[in-house]
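Be aware that the sequence shown starts at 110, since it is given in my numbering, and climbs by one per residue.
Check before you lean on any hint, since a few could be wrong.
Unchecked claim - Straight-line distance between alpha carbons at most 25 Å, and here's what the computed PhoX-like set of lysine-lysine pairs gives: (1) Lys-379 to Lys-366; (2) Lys-250 to Lys-413; (3) Lys-408 to Lys-250; (4) Lys-512 to Lys-522; (5) Lys-513 to Lys-366; (6) Lys-382 to Lys-334; (7) Lys-133 to Lys-166; (8) Lys-512 to Lys-477.
Unchecked claim - What follows is a set of in silico ranges between Cβ atoms, one per label pair, in the way DEER data are often shown: (9) Asp-476 to Gln-233: 50 to 56 Å; (10) His-365 to Leu-219: 53 to 59 Å; (11) Pro-116 to Arg-416: 45 to 51 Å; (12) Glu-141 to Ala-546: 56 to 62 Å; (13) Asp-476 to Glu-141: 50 to 56 Å.
Worth flagging that the hints you see were computed from the coordinates, not collected in a lab. Note that beta-carbon positions come from the ideal geometry of N, C-alpha and C, so glycine has one too.
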Amino acid sequence: MLERVPPHNTEAEQAVLGSALLEKEAIYAAIEIVRPEDFYREAHRLIFQSILSLLEKSQPVDLLTVTDNLRSRAELERAGGLSYIASLANIVPTAANAAYYAQIVADRALVRNLINSSTEVVQQAFSGVEDVNLLLEQAEKAVYDISQRRRRGQFFPIKEVLAEALDHLDRLAKHKGEVTGVPTFRDLDGLLSGLHPSDLVICAARPGMGKTSFCLNIAQSVAVKHSVAVGIFSLEMSREQLVLRMLSAQAMVDQHKLRSGRLNEADLAKISKAAAVLAEAPIFIDDTPGVTMVEVRAKSRRMKNERGLGLLIIDYLQLMQPGNRKSENRQQEISEISRSLKALARELNVPVLALSQLSRAVEQSQDKRPSLSHLRESGALEQDSDCVIFIHRPEYFDRDTEKKGIAEIIVAKHRHGPVGTVEMAFLPEFTRFVDLAREPA
Numbered sequence: 110m111l112e113r114v115p116p117h118n119t120e121a122e123q124a125v126l127g128s129a130l131l132e133k134e135a136i137y138a139a140i141e142i143v144r145p146e147d148f149y150r151e152a153h154r155l156i157f158q159s160i161l162s163l164l165e166k167s168q169p170v171d172l173l174t175v176t177d178n179l180r181s182r183a184e185l186e187r188a189g190g191l192s193y194i195a196s197l198a199n200i201v202p203t204a205a206n207a208a209y210y211a212q213i214v215a216d217r218a219l220v221r222n223l224i225n226s227s228t229e230v231v232q233q234a235f236s237g238v239e240d241v242n243l244l245l246e247q248a249e250k251a252v253y254d255i256s257q258r259r260r261r262g263q264f265f266p267i268k269e270v271l272a273e274a275l276d277h278l279d280r281l282a283k284h285k286g287e288v289t290g291v292p293t294f295r296d297l298d299g300l301l302s303g304l305h306p307s308d309l310v311i312c313a314a315r316p317g318m319g320k321t322s323f324c325l326n327i328a329q330s331v332a333v334k335h336s337v338a339v340g341i342f343s344l345e346m347s348r349e350q351l352v353l354r355m356l357s358a359q360a361m362v363d364q365h366k367l368r369s370g371r372l373n374e375a376d377l378a379k380i381s382k383a384a385a386v387l388a389e390a391p392i393f394i395d396d397t398p399g400v401t402m403v404e405v406r407a408k409s410r411r412m413k414n415e416r417g418l419g420l421l422i423i424d425y426l427q428l429m430q431p432g433n434r435k436s437e438n439r440q441q442e443i444s445e446i447s448r449s450l451k452a453l454a455r456e457l458n459v460p461v462l463a464l465s466q467l468s469r470a471v472e473q474s475q476d477k478r479p480s481l482s483h484l485r486e487s488g489a490l491e492q493d494s495d496c497v498i499f500i501h502r503p504e505y506f507d508r509d510t511e512k513k514g515i516a517e518i519i520v521a522k523h524r525h526g527p528v529g530t531v532e533m534a535f536l537p538e539f540t541r542f543v544d545l546a547r548e549p550a
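Take these sequences, add in the hints, and give me the full structure.
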């Protein structure tokens, strides 16, 4: 479609290779910035690959070793031959500017990648694609992959990191040991000190335990009481169903009455007051079924930029789709989703609270209490998460239990602090968890 020559800089590519032949440190400077595929000319890609191959084998890198390596691969002629490679070392007077030349090469490669991806999208659009959403997903993913390629990590001197850490400690000290993250419930915050930025928190339970209600209660609390913006991806329930649950919890009106319409004047007054409160809360709901990780990332980034974002909730992650790269192994797909959610938490610097199903094995255990081994479909959930919370209601399994109306909130993993169990009251008619009254001191 495009007849123009793609952006590139031959001289910069030659300068990178020439610097590498002159000085080993120039190679290390270059490989932090460019990869072989970033070179436009095939000859230059082959030469750089040869240099990297020698480096990996701890062999010296110079004109003789590079040409010998290329000859052994039957690639010497395609790389320009001995005379061309020899000329590269004479192109640059010093290897000191290798990083600068490498950045030029990397920038041109990024622009070419954008052009190629955009061209593919244009071609697919002209071909009469039927699934527009799939086309949008592919376009977003292409740009995302390119942007991730540009985000290269680097070392930071401890002096800079210490300054940031001390500032953080100073902010924590002002809270006097209280909640330092996004607040949840009183006693749970005693363990967690809230949900913290960049953390992936898994909230897992068997169906019927109230995990959606638990997370909605947290969303309502932080949005209403603290004006923290909350984004909710609801893959199981519609936005109307979620709002009815929140109304029931906020108004303390039986949700069955809400669904059936059997409301008296007192109920209507409570609902009207609750609706007025919720209407001002910065809660945003996306109920797209089967949402993909690419869509979650794109929408979350947009929300963060446009409205601010303090907490992201996924209900629930097993219903997420892997995107256009489907695997026959669902465990691998869940592992990829888990890693992506952790990466998203770090990128947006907000806590991500992801709901998860537990395997049926928990119901076969004697006390029915969940453990980390019961996380469904993937051990990656335990590995990637910073915190794992289980919800266990003894009454669900044993009607004669002494713990009627009690929910155990089990913190089974806590990367940054203690684990333990907190007991709360669960009011199913209002889909609401509440802190238990404390005994007088």
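Verification of the hints:
About 13 Å separates the Cα atoms of Lys-379 and Lys-366, which keeps this hinted pair within 25 Å; it holds. For the hint pairing Lys-250 with Lys-413, the CA-to-CA distance comes to about 19 Å; that is within 25 Å, so the pair holds. Taking the CA atoms of Lys-408 and Lys-250, the gap is about 12 Å. The hint holds against a cut of 25 Å. Taking the CA atoms of Lys-512 and Lys-522, the gap is near 24 Å; set against the 25 Å cutoff, the hint holds.
Proposed proximity of Lys-513 and Lys-366 is supported: the alpha carbons are some 23 Å apart, at most 25 Å. Note on Lys-382 and Lys-334: the hinted pairing holds, with a Cα-Cα distance of about 15 Å set against a maximum of 25 Å. With a CA separation close to 14 Å, the supplied pair Lys-133 and Lys-166 stays within the 25 Å bound. At most 25 Å may separate the alpha-carbon atoms for a hinted pair to count; Lys-512 and Lys-477 meet this at roughly 14 Å.
Distance hint for Asp-476 and Gln-233: a CB-CB separation of about 54 Å, consistent with the stated range 50 to 56 Å. In this structure, His-365 and Leu-219 meet the distance hint of 53 to 59 Å, their C-beta atoms being roughly 57 Å apart. Checking the proposed 45 to 51 Å range against Pro-116 and Arg-416 shows it is violated: the Cβ atoms sit about 36 Å from each other. Between Glu-141 and Ala-546 the beta carbon distance is about 58 Å. The supplied range of 56 to 62 Å therefore holds.
Distance hint check for Asp-476 and Glu-141: the Cβ-Cβ separation is about 53 Å, which falls inside the suggested range of 50 to 56 Å.
Hint 11 from the list above is the single one not met by this structure.
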